[in-house]
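The task is simple: from the sequences and hints, build the whole structure.
2 protein chains.
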Amino acid sequence: MTTDYIKSGDAIYEKSFAIIRAEADLSLFTEAEADVAVRMIHACGVVEAAQHFQFSPTFVADARAALQAGAPILCDAEMVAQGVTRARLPATNPVICTLRDPRTPDLAKEIGNTRSAAALELWRPQLEGAVVAIGNAPTALFYLLDMIAAGAPRPAAIIGMPVGFVGAIESKDALAESNLGIPFAIVRGRMGGSAMTAAAINALARPGL
Amino acid sequence: MTTDYIKSGDAIYEKSFAIIRAEADLSLFTEAEADVAVRMIHACGVVEAAQHFQFSPTFVADARAALQAGAPILCDAEMVAQGVTRARLPATNPVICTLRDPRTPDLAKEIGNTRSAAALELWRPQLEGAVVAIGNAPTALFYLLDMIAAGAPRPAAIIGMPVGFVGAIESKDALAESNLGIPFAIVRGRMGGSAMTAAAINALARPGL
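Line by line, the protein sequences are chains A and B. The first sequence begins at 118 in this note's numbering and counts up by one. The second sequence begins at 118 in this note's numbering and counts up by one.
To be clear, the hints were calculated from the coordinates, so they are not data collected in a lab. Incorrect hints may have been included.
Okay, the calculated bits of chain A under chain B, using three or more residues with CB under 8 Å as the criterion [as the list claims (entries may be wrong)]:
| id | stretch |
| --- | --- |
| 1 | 133-140 |
| 2 | 159-165 |
| 3 | 219-231 |
| 4 | 277-291 |
| 5 | 308-319 |
By construction, the Cβ of each residue, glycine as well, lies at the ideal position given by its N, Cα and C atoms.
Okay, structure coming up:
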């Protein structure tokens with residue numbers, strides 16, 4: 118006996134996106150935002166998650182323009198970096214994660230913070246105009262906001278989607294309520310994660326399937 | 118202005134797990150299963166997800182014993198492999214993902230299935246006694262069940278947690294209702310994903326923080 122199921126990747130994506138568009142309430146989003154929202158829902162399997170998505174007004178346009186122009190993608194976790202489909206990127210954009218850089222553990226001790234936060238110190242040379250993708254650690258998002266407030270280079274857009282129970286809600290609220298003026302996308306509440314974050318990047322990198 | 122937040126990784130984990138244990142209904146699980154469930158909830162940020170977790174009776178004990186004995190961990194996606202914390206593994210267990218093996222695209226054409234499914238053909242030499250971790254592709258889980266039914270080597274335990282809208286529910290139901298007699302853990306319904314799957318492995322690899 119062999120199981121019967123859809124065996125074409127494209128057909129699976131198409132049917133998945135159709136189900137999501139039929140079930141999810143995307144009425145609060147622009148068409149471009151809805152494209153991103155659909156992929157994020159696809160990554161988590163929960164259509165109701167859409168009610169927690171928030172995009173600042175110029176986020177999609179600004180993040181897309183930055184990627185088109187070759188902006189690096191700075192990821193807080195290797196899982197986020199692995200989830201970015203390289204073939205979709207419009208300009209062979211560098212995908213960078215410095216969490217496992219050999220300098221990070223010492224930096225963490227120095228600044229008295231997590232390795233996830235300390236890894237951002239190594240982003241400084243690439244931070245100007247970059248697309249930031251934080252999908253794991255609230256401490257990384259908090260640290261980024263403090264770095265920028267203190268004068269660090271400004272990224273073109275920030276995807277702030279850490280998941281969890283301690284600091285996730287607060288760090289995303291802090292991003293949305295900051296007066297830094299940097300376009301952002303968040304998932305309010307506890308949900309988020311590396312898959313949703315990578316899905317957002319994949320949607321921004323190229324519209325459609 | 119610098120934001121005030123918890124900056125110790127261990128303290129964040131401890132507080133997160135305490136919140137989850139206070140909020141989640143873990144009454145259906147053994148103590149060992151609850152340890153795994155807590156990490157899975159931590160990975161998705163949704164305490165209600167626990168109601169969809171199902172562990173076969175010997176799953177935790179058998180998967181733990183296999184890992185202790187050095188079993189390889191076979192992952193359907195690089196994100197799952199990246200989520201496995203190497204330092205927690207009890208026997209420097211190999212963590213294997215064959216999705217990007219150069220042979221996989223041709224194998225996919227040959228068998229008329231997705232690359233995620235085709236990648237499993239390359240698991241055969243390691244499959245006997247392995248711990249399988251499928252967190253992304255329903256096609257991989259369907260294909261695994263067909264492979265084993267057709268006489269492929271038998272893994273020690275199967276974590277079947279693909280996420281999504283096409284085939285995810287059906288493939289996990291098929292695993293739970295199969296008569297292969299292999300211990301399994303699933304998340305019923307659409308939820309699942311690489312983070313929950315890696316979290317299950319990390320919990321099995323070492324109890325506690």
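Hint by hint, here is what the structure shows:
1. With 3 residues carrying a beta carbon less than 8 Å from a beta carbon of chain B, the stretch 133-140 of chain A meets the three-residue requirement, and the given coverage holds.
2. Here's how the stretch 159-165 of chain A fares: 5 of its residues keep a CB closer than 8 Å to some CB of chain B, so the rule of at least three is met and the hint holds.
3. Only residues whose C-beta sits within less than 8 Å of a C-beta in chain B count toward coverage, and the stretch 219-231 of chain A has 3 of them, enough to reach three; the restraint holds.
4. Counting residues of the stretch 277-291 of chain A whose CB lies closer than 8 Å to any CB of chain B gives 9, which reaches the minimum of 3, so the coverage claim holds.
5. Counting residues of the stretch 308-319 of chain A whose beta-carbon sits less than 8 Å from any beta-carbon of chain B gives 6, enough to reach three: the coverage restraint holds.
Against the hints set out earlier in the document, no violation occurs for any number.
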